[in-house]
Amino acid sequence: MAIWIYRAGRKGEHEKKFLDDGRIYLTWSNLDKSFAGESEANIKKIIRQAFPWLSKEKLEDYYFLICPIVNAIKKDDLIILPSKFSNTFHFGRVEGDYEFDEVAPEYYKHSRVVDWFATDISKDLFDNQIIYDTNIRNSVGMIKNKDITECIEYMVEHDWNRPPMKPFDEDYEMDWEAAAKSTISKYIYKNFKGYDMEDLICEILKTKGFTVYNGPKGPDGGQDLLAAAGDMGFESPKICVQVKTQNSHVKKEVVDKLSQTIEKFHAEYGLFVAWNGFDKAVKPADYFYSIRLWTSKEVVDEVLKYYDKLSPEMQQRIPLKHIWILNDVR
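The sequence shown begins at 227 in this note's numbering and counts up by one.
Rather than coming from a laboratory, the hints here were simulated on the basis of the structure. A hint or two may mislead.
Unchecked claim - Between beta-carbon pairs, the in silico distance windows are: (1) 486 - 255: 22 to 30 Å; (2) 267 - 541: 51 to 59 Å; (3) 248 - 422: 53 to 61 Å; (4) 384 - 507: 24 to 32 Å; (5) 389 - 256: 27 to 35 Å; (6) 260 - 530: 42 to 50 Å; (7) 483 - 268: 55 to 63 Å; (8) 386 - 421: 25 to 33 Å; (9) 389 - 416: 36 to 44 Å; (10) 267 - 383: 52 to 60 Å.
What the hints assert, rightly or not - Here are the simulated lysine-lysine pairs, DSS-like style, with alpha carbons at most 27 Å apart: (11) 523 - 535; (12) 271 - 259; (13) 370 - 301; (14) 271 - 310; (15) 349 - 259; (16) 464 - 412; (17) 310 - 419; (18) 419 - 407; (19) 434 - 407.
Beta carbons are placed, not taken as given, at the ideal position from N, Cα and C, and that holds for glycine.
Assemble the whole structure, with the sequences as input and the hints as a guide.
So, in structure tokens, the structure goes:
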């Protein structure tokens, strides 16, 4: 059994389709012919017909990105789909052979049936070594490190408890930016649970020009922070902020209660921070004009964006430094 990392678009635009349909797709345009039963030479010929401008090197790259869904991925292989919308992985088992549907919409003609047996599994459960190995640059890739493969298999079978890890063997190119963000996310989650996370969100809002009321800790009536623009906090927008660091996803009814809190405090908008994400029933579009929804991804992005403006005390609690790396040189 092999373990594959499979991405659902550069921005996760196909993630919901993958999960809802119980499939993985080759989400490429212009590929209107089946690859079933074709030799390597014929597959490359089909790719060349679809993309005639490709150099010889790029043709090889395209082939190695397409062949997994066609014939390299086998039944019972494990698929890991990193979510672009929360700090989670989705896990699936391949159940079917390669299929081609000529009448399917573009991006969804080539597919494999997958049983998504575990969705929204927090990345914070996994060792950094696994996070590094799953942060590949390409849309699909097989995990080659035997130690990492054995560890993931163990966690799948043991309710996501992890065994002791052997030394990490970094053998192939990975997305260093994503890996760094994953490490920062794990650090923040470990050190800023509960009220400490409220303090961090308070700091972020201050760097964005808000005056923030961070009241006494304890029962809060539905709000953790109150924020408003301007030096005195008398300007718009006026925001009620709710912060949750629970292990589970926040349910829709909890988010809906923030709307009532907004009215109670005569605010205009809301910000709901759910570190480990929201239940699937929570649709961002439903709250677009009233409440912003942040997960760990947005919090980490905000910390990095405004890090230089955070207080010295907060910078000391989250000790980061700038580094330079090459940007995808090929």
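Taking the hints in turn, this is what the structure says about them:
Roughly 45 Å separates the CB atoms of residue 486 and residue 255, a value that falls outside the hinted 22 to 30 Å. In this structure the supplied range 51 to 59 Å holds for residue 267 paired with residue 541, their Cβ-Cβ distance being about 57 Å. In this structure the hint that residue 248 and residue 422 lie 53 to 61 Å apart at CB is violated, the actual value being about 39 Å. For residue 384 paired with residue 507, a C-beta distance near 29 Å keeps the hint of 24 to 32 Å intact.
Evaluation of the 27 to 35 Å hint for residue 389 and residue 256 yields a failure: the beta carbon distance comes to about 44 Å. The hinted range of 42 to 50 Å is satisfied by residue 260 and residue 530, whose Cβ atoms lie roughly 44 Å apart. Taken as a hint, the range 55 to 63 Å holds for the pair residue 483 and residue 268, whose Cβ atoms sit roughly 58 Å apart. For the pair residue 386 and residue 421, the beta carbons lie near 27 Å from each other, so the given range of 25 to 33 Å is met.
A hinted range of 36 to 44 Å for the beta carbons of residue 389 and residue 416 is inconsistent with their spacing of about 20 Å. Against the hinted window of 52 to 60 Å, the Cβ-Cβ separation of residue 267 and residue 383 comes to about 40 Å, which falls outside the hint. For the suggested pair residue 523 and residue 535, the alpha carbons sit about 19 Å apart, so the restraint of at most 27 Å is met. For the given pair, residue 271 sits about 11 Å from residue 259 by alpha-carbon distance, which is consistent with the 27 Å threshold.
A distance of roughly 18 Å separates the Cα atoms of residue 370 and residue 301; the hinted pair therefore holds under the 27 Å criterion. For the given pair, residue 271 sits about 33 Å from residue 310 by alpha-carbon distance, which is inconsistent with the 27 Å threshold. The suggested pairing of residue 349 with residue 259 is violated, with an alpha-carbon distance near 37 Å, which exceeds 27 Å. A C-alpha spacing of about 31 Å is found between residue 464 and residue 412, which places the hinted pair above 27 Å, so the restraint is violated.
Of the pairs offered as hints, the one joining residue 310 and residue 419 holds, with about 22 Å between alpha carbons and a cut-off of 27 Å not exceeded. Of the supplied pair hints, the one linking residue 419 and residue 407 holds, its CA atoms being roughly 18 Å apart against a limit of 27 Å. A hinted pair counts as satisfied when its Cα atoms are at most 27 Å apart, and residue 434 with residue 407 qualifies at roughly 21 Å.
Checked against the numbered hints given earlier, this structure breaks hints 1, 3, 5, 9, 10, 14, 15, 16; the rest are met.
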